[in-house]
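Participant: Residue-level listing of the chains:
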Amino acid sequence: MNVLTLEAISVRFGGIAALTSVGMTLKQGELLGLIGPNGAGKTTLLRTVIGVVRPTQGRVVLRGDDVTPLSVDMRARRGIALTHQIVKPFRSMTVLDNVVFAAGHAKTGNVLRALGTRSRSEETQRARQLLELVGIDRYADANPNALPLGALKRLEVARALATDPKILLLDEPLAGLNHIEAERLADTFVRLNADGVTMVLIEHNLGQVARICPRVVVLDNGKKIGEGATRDMLSDPAVVAAYIGKEVAHA
Amino acid sequence: MLPTLGAYEVSLIVIVSVNVMLALSLNIITGLCGQVSLGHAAFFGVGAYAAAVLGNLGVPFLVVLPLAGLVGCLLGLLVGLASLRVRADFLAITTMGVGFVFVGFVRKQNWLGAEMGLSNIPDHGLGDAGFVGVCLALVVAIALLSAYIKRSWLGFGFATVADDEDTSRTLGIDVAAYKLTAFVVGTFLAGVAGATYAYFTRFLIPGAFGFGVSISILAMVIVGGVGSIWGVIVAAVALTLLPEFIRVVNDYKIFIYGVLLVLTMRLSPGGLAGLVGQLSASRAEMPPRSAGAQP
Amino acid sequence: MLEVRDLVCGYGHLVAVHGVSFSVKAGEALAILGANGAGKTSTLMALAGHVDIKGGSITFGDEDVTRATPMDRCGRGIAITPEGRRLFSDLTVRENLMVGGYLRSMARAKINLEKVLDLFPRLKERLHNRAGSLSGGEQQMVSIGRAMMAEPKLMMIDEVSLGLMPKNVDICYEALDKLRSTGLTLILVEQSLERVLSIADQVCVLDSGAVAWTGSAGEARGNPEILDAYMGGAH
Amino acid sequence: MLYIELALQGLVNGSMYAIVAVGLTLIYGLLRVLHVAHAGLFTLGAYITVLLTNATGSLVAGTLISMLVVGIVGMVVYRLLYEPLLAQPPYVALIASIGLFIAMEEGYRIIFGPYGNSFASTWLTERVTLGPFSMAAADVAMLLGAIVLLIFLAVLMGRTRLGMAWRATVTDPAMARSFGVDTIKVRYGIFFVASVFAAVAGSLVAVLNNLVEPTMGDVPSYKSLAIIVLGGLGNVTGTLLASLLLGVIEAYGTIYTGAYLDRDAIAFVFLIAVLMIRPQGLFGAR
Amino acid sequence: QDSVKIGFHAPLTGFAAADGKSARQGVELAVKEANAAGGLGGKKIVLVTYDDEGKPENAIPIANKLIGQDKVIMTVSGSYSGPTRAAAAVFQRAGMPYISAYAIHPDITRAGDFVFRTGMMGEVQGRAGAKLIGETLKKKKVEIVAVNNDFGQALTAGFKEAAPKFGLEIVAERTFGMADRQFGPLVTQIKADNPEVIYAPGYFFNAGPLVAQLRAAGVTADVIGQEGYDGQRFIEIAGKAAEGVIITTSLDRDSQAPATRAFITDYEKEYKDRVDMVAASGYSAISVALEALKKAGSQDGKTIRDTIRQNTFETAIGKLAFNNLGEVKKAVQVQVVKDGNFHRYGVIDDLQYLAPPER
Ligand SMILES: Nc1ncnc2c1ncn2[C@@H]1O[C@H](COP(=O)(O)OP(=O)(O)OP(=O)(O)O)[C@@H](O)[C@H]1O
Ligand SMILES: Nc1ncnc2c1ncn2[C@@H]1O[C@H](COP(=O)(O)OP(=O)(O)OP(=O)(O)O)[C@@H](O)[C@H]1O
Ligand SMILES: [Mg+2]
Ligand SMILES: [Mg+2]
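Chains as they are written, first to last, in the numbering used here: chain R, 1 to 251; chain X, 1 to 295; chain Z, 1 to 235; chain C, 1 to 286; chain L, 1 to 359.
Hints are computed from structural coordinates only; laboratory data are not their basis. Wrong hints could be hidden among the right ones.
[Unchecked claim] Cross-link-like lysine-lysine pairs, in silico, DSS-like; alpha carbons within 30 Å at most: (1) Z:Lys115 / Z:Lys178; (2) Z:Lys178 / C:Lys185; (3) C:Lys185 / Z:Lys25; (4) R:Lys223 / Z:Lys124; (5) X:Lys108 / L:Lys191; (6) L:Lys140 / X:Lys108.
The task is simple: from the sequences and hints, build the whole structure.
Facilitator: This is the structure in structure tokens:
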């Protein structure tokens with residue numbers, strides 16, 4: 001079953017065509033890789049899915065519903081979560097509170113409901129678990145400004161997970177992690193995926209992409225240039241020329 | 001508890017109460033939800049004028065209070081809608097503009113007394129003690145409400161909107177609803193404060209709700225420490241009574257007020273709340289604002 | 001070229017790096033490795049003059065620059081590509097690069113600009129766009145280019161490959177290698193072991209703010225287990 | 001004919017706004033602070049000019065010294081007030097700035113008295129006639145002054161490397177320093193230039209009104225905030241155009257809508273209307 | 001007790017600080033002179049002064065403090081309408097006599113029978129302006145250019161009410177803000193309107209630049225001002241352009257009345273400054289208070305109130321008596337600027353026509 005269908009999405013920023021008629025489907029329970037050169041439009045595509053970017057053309061269809069007219073928060077409420085490539089923690093609160101807040105999504109959906117509730121104990125517990133899951137529990141009480149980049153990247157993931165997403169959009173979550181840390185986090189994704197979270201993963205770390213994503217979509221210059229089994233795509237001459245360069249991927 | 005109070009003390013208590021209410025109401029919008037407003041006096045004024053008009057129609061004081069709040073938050077809702085379009089400093093200046101437009105509008109409205117003001121506001125009929133009682137009760141109620149909101153998930157949501165509304169949205173927060181709530185609650189309370197003021201002075205002129213008033217309310221919030229409820233209360237009381245206490249140095253009192261604002265901000269940028277925070281050793285060091293660390 | 005002795009630095013009361021020492025010769029490349037939070041960025045930023053130095057000394061060329069201002073360091077030929085890129089987001093790509101060449105003559109800056117654009121042709125099309133609107137990888141290119149514009153003697157790059165596609169990583173490393181042959185000294189913080197070891201002469205592994213292992217790149221290549229031991233972070 | 005003359009008068013007012021506001025926008029661009037006390041420096045400039053001119057008999061000497069002194073005072077204000085608050089949220093500096101402005105105005109009242117000062121001789125009677133139009137010489141000076149100063153600034157900020165360095169300092173001072181920009185000099189420089197502009201505006205207004213009073217900075221203090229927002233915050237050219245536009249709108253407004261709204265309200269209705277359509281200001285980038 | 005306390009409040013800081021200072025100087029001079037002359041039946045007169053900043057909400061605690069803490073026996077307002085109106089209600093409730101020196105709001109005395117006003121009501125002065133233009137100057141086409149506040153509005157209302165009686169044609173009515181000093185567009189428009197006379201209620205700080213800019217633009221119509229212009233400051237600002245401007249006010253510079261002459265010389269000696277209307281009004285208001293206290297021979301509010309009501313007072317601004325409402329009945333002085341000074345132009349003492357309301 002397709003949980004998410006992108007129909008001929010085009011996005012323009014002023015004179016720049018960031019995406020040109022990109023179509024794509026995401027199946028229930030899939031872990032899809034999204035790769036492509038710098039500036040290909042990967043981030044823009046995920047931002048279009050969550051609604052931060054409005055497509056100039058095309059539709060975003062979630063489980064058969066056209067969600068294109070919906071606002072960002074309404075889409076988030078329907079189970080889409082995004083981790084930002086350029087990290088965006090709430091800098092005025094602790095790392096833990098960043099995640100606690102996200103974990104309280106059921107209470108914050110409605111203003112009156114939010115006004116009516118105070119207890120945070122459940123959410124705090126859940127948040128601690130998630131920080132542990134991504135391996136930054138030791139920073140729980142720190143301010144995000146004091147965190148190294150790798151930890152902030154993982155905070156993005158923990159916060160997105162706290163909203164109990166059905167579709168998790170991951171924008172280069174492994175960047176800034178060394179190979180061991182990256183592998184560990186990638187394993188976490190696999191486990192969550194097995195638990196039923198559908199995922200899209202943007203990564204330039206092709207080793208990990210090849211390891212955990214059975215299928216990839218390749219963008220270049222705002223257009224889809226390939227889609228298929230990861231192994232095939234990584235050896236596709238067009239992909240190699242545009243993206244990987246001379247060396248053959250060490251997948 | 002009141003028989004020992006003279007008329008002078010009563011009038012001071014009322015003025016202080018009005019200012020505390022105003023400061024707390026702005027604290028909900030600016031302190032908790034991060035929407036800096038330089039035009040809060042407009043909502044105060046709308047409440048005051050509404051109270052005067054209603055009072056003249058024979059509506060009793062205790063009924064006028066919530067009605068004035070409602071009228072205040074009608075305008076608040078409008079400005080709240082504007083806050084969905086413009087952000088940060090643009091919003092601050094927009095609200096400042098709302099303040100000027102309000103005063104400019106009232107100045108030309110004959111049914112609101114225009115420049116001559118409204119001077120026939122009826123007596124509240126509660127007597128001094130009763131009126132002071134109402135004022136204090138309002139202050140306590142507003143303080144408790146503020147404290148409750150701050151601890152609730154609503155307050156938590158406000159904090160994220162204040163921090164980064166775009167990110168907040170991606171976590172499923174209906175930012176518009178949160179901002180509007182802050183504006184509606186804050187301006188409702190400002191309207192109530194306006195009604196209290198109207199029944200206190202029983203004379204309204206447009207000039208009493210000008211830019212200077214908006215600034216002094218904001219100063220109370222920031223000197224108190226943005227978002228801190230007790231800090232804002234202390235600052236509102238202190239800044240209101242300060243000129244009263246330094247009447248001795250008559251000619252210099254506003255000068256001193258200005259200098260104190262500068263010194264407070266210079267020596268304790270976090271306001272009173274920040275100062276106390278620094279003094280209590282347990283507190284971890286404040287992280288520096290990351291100047292554009294992340295694009 | 002660069003001599004770091006017992007460097008201690010941190011933020012406020014917090015000490016992030018305690019007693020790190022290393023030295024790099026002219027034309028050499030040093031790789032600094034370590035887990036998340038090991039203190040790599042803090043070390044680089046201290047070398048650039050942006051973190052409080054609480055102890056130790058930094059000698060660059062023959063001069064002590066421990067207390068020099070960032071401007072002074074730039075004048076002496078130290079340039080940085082910082083973590084998080086830190087572009088001037090409201091300026092255009094071209095302006096960002098020109099600020100990089102601020103201390104060079106206009107003529108030299110223009111020549112260098114061409115070089116950077118040759119290296120990253122992608123930026124040509126984005127020259128007059130706000131740097132803040134670029135994609136992550138494009139921003140990284142601007143950040144690296146900006147440092148090159150300063151014609152440094154010592155270039156420090158925090159996570160070269162961050163957000164760059166594999167092809168660009170290769171291009172970047174090739175360019176750096178070429179610059180090295182003209183005498184440029186490099187300090188690279190990098191997560192991708194394989195890449196960095198292919199270019200580095202020396203390796204310095206940090207763990208919890210201290211040097212855990214140093215050696216030549218050859219040694220490190222030989223037995224990656226040594227490095228792996230320090231890469232897992234505090235788990 | 002009347003329309004054109006009204007527009008000309010509006011442009012004169014607008015250029016006064018422009019000279020004050022451009023300093024404010026520079027400083028906003030630099031520190032992200034609404035430097036309300038700028039209007040206090042404007043008043044200081046006017047006082048120094050009127051006092052020195054009456055003492056020496058030379059308006060030129062009075063104005064030049066005023067520019068210099070106010071420029072230096074501007075740098076001192078930066079050093080003592082804003083520099084220590086750089087790491088704080090901007091509203092902290094805003095309140096400090098308002099406090100300073102209040103203290104300055106009160107200081108002038110205490111020192112120079114509440115009545116205001118005037119020049120011993122006036123220049124207002126000098127007129128310049130151009131075809132069918134005739135304007136006060138001081139008006140013409142205001143107009144020309146604004147145009148020259150602002151074109152100079154726009155070129156400096158937009159076209160030169162120095163301007164680039166200034167703008168780099170704004171987004172990330174630490175990184176700007178790392179590329180050799182002396183951000184401390186940049187900041188002092190901008191405060192100096194902005195404050196000199198304030199002094200020029202103050203002196204011109206003193207001549208035009210022949211009246212220097214403690215509260216003469218009130219209107220510029222908030223009106224120029226509106227203008228820099230209208231112009232797109234931090235945008236020098238935008239500020240210039242917004243000032244002139246607002247001057248003209250106020251000129252027509254006072255005549256044609258004065259019966260319904262006062263002058264300030266007219267200006268702010270326009271501002272709000274613009275912001276609802278263009279939330280980033282007339283000339284701001286998003 | 002060997003002293004008598006009298007309360008006084010004025011805007012010593014804020015937008016009206018200039019008038020506050022003048023009022024205060026006038027009042028202090030009067031008290032000083034009265035003390036030099038032996039005080040009140042041997043008791044020293046002590047003035048308790050507060051700054052109300054021109055804000056109504058400040059006037060209320062000040063009034064309460066004067067009544068409850070300072071225990072003054074009566075109070076004089078040297079302030080504008082806002083604070084004066086707000087305080088009047090407090091004094092009325094406490095049964096303490098209260099005299100407003102120059103605030104113009106009609107509702108001030110309506111607060112009750114303890115409240116008096118020695119200044120002219122705005123409406124009354126507006127009517128006097130109409131009479132001056134229609135009857136004395138015999139002009140017809142008038143343009144009103146008024147300051148945007150209670151003062152301007154009240155004067156305009158009075159003027160417009162009386163205008164038809166004197167056959168005046170109002171060609172246009174315009175306003176400007178308190179803070180305006182630049183009148184370029186307004187002047188351009190007035191030139192186009194081409195009136196014979198400009199009736200321009202405002203203060204010296206508006207009127208000085210306005211008149212200068214009108215003349216500089218070549219507008220030759222007569223400018224008629226009122227007590228807001230009354231002070232040397234206006235002439236200093238407007239310079240030569242001030243010549244010929246006629247105003248309605250309370251103080252007659254060329255008066256030979258001893259009270260007026262004495263005030264002018266004493267004031268100028270004491271403060272090394274020229275007198276203005278506000279100083280004269282403050283001086284006169286407190287003169288009425290002191291005189292009433294002396295005549296009443298009692299500190300009882302009701303007695304003092306009745307004394308004020310039943311007597312006539314010789315002051316620096318002429319002979320004053322009060323009607324039922326507590327409004328002053330007095331002549332309007334017309335002054336003209338000649339050779340850099342105000343001089344007598346005439347007096348309007350049509351007390352029937354200028355009579356203030358009784359209710
Ligand atoms: N707000 C914007 N304004 C203008 N151009 C934009 C904006 N956002 C993105 N772009 C441009 O659109 C293109 C696609 O950007 P996007 O961030 O989607 O790339 P990406 O595939 O994620 O690249 P990377 O791998 O480098 O992160 C880029 O060329 C970028 O410069
Ligand atoms: N601004 C700051 N304030 C306080 N502490 C900080 C700050 N920046 C970093 N730290 C702390 O200093 C330590 C070292 O961090 P640093 O950023 O140098 O690590 P890193 O090795 O670069 O990690 P990464 O691989 O994630 O970039 C960490 O424990 C971190 O929490
Ligand atoms: Mg991207
Ligand atoms: Mg790092």
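Participant: With reference to the structure, classify each hint as holding or not holding.
Facilitator: To see whether the hints hold, each was checked on the structure:
{"no.": "1", "hint": "Z:Lys115 / Z:Lys178", "result": "holds, 13 Å"}
{"no.": "2", "hint": "Z:Lys178 / C:Lys185", "result": "violated, 37 Å"}
{"no.": "3", "hint": "C:Lys185 / Z:Lys25", "result": "violated, 34 Å"}
{"no.": "4", "hint": "R:Lys223 / Z:Lys124", "result": "holds, 20 Å"}
{"no.": "5", "hint": "X:Lys108 / L:Lys191", "result": "holds, 25 Å"}
{"no.": "6", "hint": "L:Lys140 / X:Lys108", "result": "holds, 27 Å"}
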